[in-house]
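Visitor: Assemble the whole structure, with the sequences as input and the hints as a guide.
Those sequence lines, one after another, are chains A and B. With the working numbering applied, the first sequence corresponds to residues 1 to 341, in that order. With the working numbering applied, the second sequence corresponds to residues 1 to 313, in that order.
Hints may contain errors.
Claimed, not checked - Just so you have them, the derived chain A footprint on chain B, three or more residues with Cβ under 8 Å:
id, region
1, 125–132
2, 164–175
Said to hold, decoys possible - As a list, the in silico SDA-like pairs of lysine to any residue whose alpha-carbon atoms are at most 20 Å apart:
id, chain 1, residue 1, chain 2, residue 2
3, A, 187, B, 167
4, B, 132, A, 288
5, B, 130, A, 142
6, A, 24, A, 47
7, B, 85, B, 59
Calculated from the structure, these hints are not laboratory results. For every residue, glycine included, the Cβ atom is placed at its ideal position computed from N, Cα and C.
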Amino acid sequence: MESQLPQERSKLRTKDLPQVLVMKPPPLLTLFEDKFISTKFQLLKAWESTLPLDQFLTTYAGSVRAVLCSGASPVTPHIIRLLPSVQFVVTASAGINHIDLNECRRLGIAVANAAAVFSDDAADAAVGLLIDVLRKISVADRFVRRGLWPAMGDYPFGSKVIISLFVCFTQESWDCRTWKHRSAVAKRLEAFGCTVLYNSRKPKPWVPYPFYSNVHELACGSDVLVVCCGLTAETRHMINREVMVALGKQGIIVNVARGAIIDEKEMVVCLVHGEIGGAALDVFENEPDVPKQLLQLDNVVLTPHRAVFTPEGFMAACDLVVANLEAFFEDKPLLSPLIDE
Amino acid sequence: MESIGVLMACPMNPYLEQELDKRFTLHRFWKVPEKSTFLSTHSNSIRAVVGNAFAGADAQLIEALPKLEIVASFSVGLDKIDLAKCKEKGIRVTNTPDVLTEDVADLAIGLILAVLRNLCECDRYVRSGKWKKGSYMLTTKFTGKRVGIIGLGRIGMAIAKRAEAFSCPISYHSRTEKPETKYKYYPSVVELAANCDILVIACSLTEETRHIVNRKVIDALGAEGVLINIGRGPHVDEPELVSALVERRIGGAGLDVFEHEPEVPEELFGLDNVVLLPHVGSGTVETRKDMADLVLGNLEAHFLKKPLLTPVI
Numbered sequence: 001m002e003s004q005l006p007q008e009r010s011k012l013r014t015k016d017l018p019q020v021l022v023m024k025p026p027p028l029l030t031l032f033e034d035k036f037i038s039t040k041f042q043l044l045k046a047w048e049s050t051l052p053l054d055q056f057l058t059t060y061a062g063s064v065r066a067v068l069c070s071g072a073s074p075v076t077p078h079i080i081r082l083l084p085s086v087q088f089v090v091t092a093s094a095g096i097n098h099i100d101l102n103e104c105r106r107l108g109i110a111v112a113n114a115a116a117v118f119s120d121d122a123a124d125a126a127v128g129l130l131i132d133v134l135r136k137i138s139v140a141d142r143f144v145r146r147g148l149w150p151a152m153g154d155y156p157f158g159s160k161v162i163i164s165l166f167v168c169f170t171q172e173s174w175d176c177r178t179w180k181h182r183s184a185v186a187k188r189l190e191a192f193g194c195t196v197l198y199n200s201r202k203p204k205p206w207v208p209y210p211f212y213s214n215v216h217e218l219a220c221g222s223d224v225l226v227v228c229c230g231l232t233a234e235t236r237h238m239i240n241r242e243v244m245v246a247l248g249k250q251g252i253i254v255n256v257a258r259g260a261i262i263d264e265k266e267m268v269v270c271l272v273h274g275e276i277g278g279a280a281l282d283v284f285e286n287e288p289d290v291p292k293q294l295l296q297l298d299n300v301v302l303t304p305h306r307a308v309f310t311p312e313g314f315m316a317a318c319d320l321v322v323a324n325l326e327a328f329f330e331d332k333p334l335l336s337p338l339i340d341e
Numbered sequence: 001m002e003s004i005g006v007l008m009a010c011p012m013n014p015y016l017e018q019e020l021d022k023r024f025t026l027h028r029f030w031k032v033p034e035k036s037t038f039l040s041t042h043s044n045s046i047r048a049v050v051g052n053a054f055a056g057a058d059a060q061l062i063e064a065l066p067k068l069e070i071v072a073s074f075s076v077g078l079d080k081i082d083l084a085k086c087k088e089k090g091i092r093v094t095n096t097p098d099v100l101t102e103d104v105a106d107l108a109i110g111l112i113l114a115v116l117r118n119l120c121e122c123d124r125y126v127r128s129g130k131w132k133k134g135s136y137m138l139t140t141k142f143t144g145k146r147v148g149i150i151g152l153g154r155i156g157m158a159i160a161k162r163a164e165a166f167s168c169p170i171s172y173h174s175r176t177e178k179p180e181t182k183y184k185y186y187p188s189v190v191e192l193a194a195n196c197d198i199l200v201i202a203c204s205l206t207e208e209t210r211h212i213v214n215r216k217v218i219d220a221l222g223a224e225g226v227l228i229n230i231g232r233g234p235h236v237d238e239p240e241l242v243s244a245l246v247e248r249r250i251g252g253a254g255l256d257v258f259e260h261e262p263e264v265p266e267e268l269f270g271l272d273n274v275v276l277l278p279h280v281g282s283g284t285v286e287t288r289k290d291m292a293d294l295v296l297g298n299l300e301a302h303f304l305k306k307p308l309l310t311p312v313i
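Guide: Take a look at the structure:
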């Protein structure tokens, strides 16, 4: 049994269940594989084969209609070309920048993501990071653990959280459901007395906060920039040197979205030279590499892309991904499709 | 007012010290080598004491200062002041409520998130280079967790308001029930602990509330529960808490205060389920200035025979 190819073993178990291609396992699958056992589909696990990916796809994925992808296994035009039957791509993440949406749109391939179930955790992480960097929680914790409190007395103060806040929300063309993700951050920060402002490609009439059409102007009028938009060609390096200088010497950036939305090299320079006040970052341009200058700074908080890593969030995401796949194979409406706006 | 003697109990704020120096004859108690000699020499000129969370005016000090008229605390907590003695002798007491409420509440939420979402540990993980080796460590969700607050005063209410924005059901214990709030009341701290996921200490320290979080409460909170202390160290039976944390009988703790500050039990230093802060609840530049101005304002009002700004007694 053990020496047979993966898809032969699974065929023996599950007869003719339609296959869902998984090129590399997303964290969700690694941690909660049991949740992906379904009576409506079976997984075609490309990573278990010794064949190079292209060859595997050509040999075994010709009739595959659905793909479960993630940041580690992007769906590029090249991959799409090797999957002539694909009609549905679902990602086990909130972000969708690893899927070529233009190509999917062009070919009528439906796309779904798991943003909705991650909004609370992402918002909690954003707020936690913000308070940490403003009130110097991680730095003070290190100070105490090193036994410095008795010798050094009072710890240097942090800054108040109640300040004018700028929430960056640029909408990419496919996804209006991430509004829930952003409003989760704003809702929490309002309880702290923060004033919320936002930027987006277009103003959203249902959003109760002042709209700024220009990121730079918004940065001028704000103390904190919380980045929680998607990464697209337009938003890549949207937070550039000009925006950071406008944010100013007391300004703080919080990023729980994608590293590449910020010009990371410039941000490091601004932080090192005190041109912005500090940063709390869950994501970076070349994870898991983090610019080493940041590792020496006390005005930054760094977390390893874990904003949505809670058991509850992950299990809900598993359920959502599986529900989307089952709906697809039953010709029912998808639960969390990306909608073109 | 330059001739009025003011005794500052310990170093607390350079701006406050500077301003007191300008307006009064300031005596820095911590710089005095022989305290009892100093007190007998200056007992007739000291008319005010400025204290804080670390040092205030106990019965002994009050007895040694027969001309003492006012104790102005650079804190909202009054546990370092012998209030009964002050009342007996007609000594006025002021503190710094309201101006620090938001900062302390913000820090309480910050501590909850830091503990549950392992923020400090994650930060250490990245700085040490461990991320390159990979891991899918999951942290604990905060949204929707049950938050139990001991003491629903200004700070407790501000914490509740913030936690509600995270969809947390709120419950509390306090000396009296507050039916005007919509939160669930528990008549005992043990019951409160048994019915919440995160227990926050936000009451004042008095004889009754000393060790209000004891072994029974810690056991009731349980292995998944988290304790947050932004009140006073003596609210918690610290050795019990330390052994519960080390033995993982409690899920974690976020502590801004300790029984014998600035000493912190060293057993806590190696734990990944705690966040330890050096009493920074009100420690922002903006708030400390507001607190200092309130102390100065109260002293000025007293000596100009005007109504005190924030009297306690």
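Visitor: When the hints from earlier in the document are held up against this structure, which numbers fail?
Guide: Nothing - there is no hint that the structure violates, so all of them hold.
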